[in-house]
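Asks: If you're matching them up, the sequences are chains Y and G in order.
Number 79 in the numbering used here belongs to position 79 of the first sequence; there are no gaps in the numbering.
Number 209 in the numbering used here belongs to position 209 of the second sequence; there are no gaps in the numbering.
Hint data in this document are derived by calculation from the structure and do not stem from the laboratory.
Where a beta carbon is used, it is the ideal one built from N, C-alpha and C, also for glycine.
A hint or two may mislead.
[Said to hold, decoys possible] Far from chain G, by Cβ distances over 10 Å, these chain Y residues were calculated:
1) Arg-51
2) Leu-72
3) Ala-85
4) Ala-99
5) Leu-107
6) Ile-114
7) Arg-128
8) Ala-133
9) Arg-135
10) Arg-140
11) Arg-149
12) Val-189
13) Asp-209
[Stated by the list, open to error] If you want the footprint, here are the derived chain G segments under chain Y, 3+ residues with CB under 8 Å:
14) 54-68
15) 99-108
16) 112-122
17) 165-175
18) 179-190
[To be verified] To spell it out: a stretch of chain Y is covered by chain G in this simulated footprint if at least three of its residues, at any positions, have a beta carbon under 8 Å from a beta carbon of chain G; those stretches are:
19) 26-37
20) 63-70
21) 115-126
22) 160-174
So you can see what is in the structure, the chains are spelled out below.
There are 2 protein chains.
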Amino acid sequence: MTRRTFHRETEAVRQNDLIAATLDSVAELGLAGATVREVAFRAGVTPGLIRRYFDNKERLVAAAYRTFISDLIAAAEAGCGEGPAQTRLAGLIRASVTAPVADGRTLSIWAAFIGTVHSDPVMAEVHREGYQAFRDLVERLIGEVFAERGTPASAQDIHQRAIVLNALLDGLWIEISMGGDDFSRLNVVQIALNSTATLLGIDPADFKD
Amino acid sequence: MTRRTFHRETEAVRQNDLIAATLDSVAELGLAGATVREVAFRAGVTPGLIRRYFDNKERLVAAAYRTFISDLIAAAEAGCGEGPAQTRLAGLIRASVTAPVADGRTLSIWAAFIGTVHSDPVMAEVHREGYQAFRDLVERLIGEVFAERGTPASAQDIHQRAIVLNALLDGLWIEISMGGDDFSRLNVVQIALNSTATLLGIDPADFKD
DNA sequence: TCCGAAATTATACACTTGATTAATTACTGC
DNA sequence: GCAGTAATTAATCAAGTGTATAATTTCGGA
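Make the full structure from the sequences, and use the hints.
Replies: See the structure below:
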């Protein structure tokens, strides 16, 4: 009886592979389906190996959540690009309502993790960080847009508008990713841009990316 | 060795108790914590009994999800009350961003269940029904509001506005329920009403409940 | 080329889970 | 009051879980 062959990998590669396998498992089978054995199988590895790179399964799942969220925010942030604040905000909105940010797989993973936040302090902390990062990004952009238009607003006003815009983007993201409606016939980007302009008191015709 | 005493209950009462115990378990311990034993304990009953009222655990969880969603929609709908459409819409919005609809426990349960929707067809169907019911309610109210104001809109226009308003309400509901911000200092109802009015092209001063 | 350290596998363990079944109890109709 | 029925308990089972550990293999450095 011969053992299966294997080849060594660096710590970074193995951790990445294990995290990727975890996210795949969560996306397809839900959090309950992301067992140690399932993850190991998808990573082409033996269950016992996981414990060499992560103290326990809880750490692995938390690490997966952390990279998932930071990748998600990075993808949205990448949509901002360069240029005037208004263009960057429009880019962020476009990125938020189109793939790969807005898509079924992303929503599935997000949903699975979000369900653990309330009863798991570690996951709650990971969530809080990521959420705040996105919220701060939106708030900062709104402030810059107003300043750019020569109509600077109070910090409180900007804060409230950030709350509302953030809520709208979250909601649209969920709706679109869920795919309940037939969004293929709707120009979701246009809808998102128009409603954002309306909420911010900007002429929609003046708000494009 | 004497057995523990018990008393019989009607099928309806036992089912309600078991569903309530399931929702309590999910709210406090997450879906993973809602084991057959935990639910039975909270219902003051023995694990084996569950199988007399629900074919299996999957059915119990699905039933719990169904009553949770229909109760949630009923609570929101109750905020509508009577009167002109604009008042009813304002009532729905108020109800959506205040307790008991918007609160931590409700969000926890929602989040836990939503995570199963993608990988569990039964849960997906339960979700779809409830989601559509709320969306239809919002869309119908918007249509009535426009008709009432003497500015009837096309079905497509109403549909798009419903998508946006629904997204805003979902997002606000999540933000508020999550409690990340210090919403106690903010008048969330006023914020929600104002942004809704803005999105619908109504004078905010003219939109109260 | 070969040795030693480190990575990986294989196996096993203790525990929890959902499910099953027989024994017991409470209640209903007579 | 009593018998029969149906609800409930108690005890058990097999499967799956995360974890621990010893045996094996790989691979870089002498």
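Asks: If a hint holds in the structure, say so; if it does not, say that too.
Replies: Taking the hints in turn, this is what the structure says about them:
no. : hint    : verdict
1   : Arg-51  : 20 Å, holds
2   : Leu-72  : 16 Å, holds
3   : Ala-85  : 21 Å, holds
4   : Ala-99  : 16 Å, holds
5   : Leu-107 : 7 Å, violated
6   : Ile-114 : 5 Å, violated
7   : Arg-128 : 7 Å, violated
8   : Ala-133 : 12 Å, holds
9   : Arg-135 : 8 Å, violated
10  : Arg-140 : 16 Å, holds
11  : Arg-149 : 17 Å, holds
12  : Val-189 : 13 Å, holds
13  : Asp-209 : 18 Å, holds
14  : 54-68   : violated (count 0)
15  : 99-108  : holds (count 3)
16  : 112-122 : holds (count 9)
17  : 165-175 : holds (count 9)
18  : 179-190 : holds (count 3)
19  : 26-37   : holds (count 7)
20  : 63-70   : violated (count 0)
21  : 115-126 : holds (count 6)
22  : 160-174 : holds (count 11)
Hints 5, 6, 7, 9, 14, 20 from the list above are not met by this structure, while the remaining hints are.
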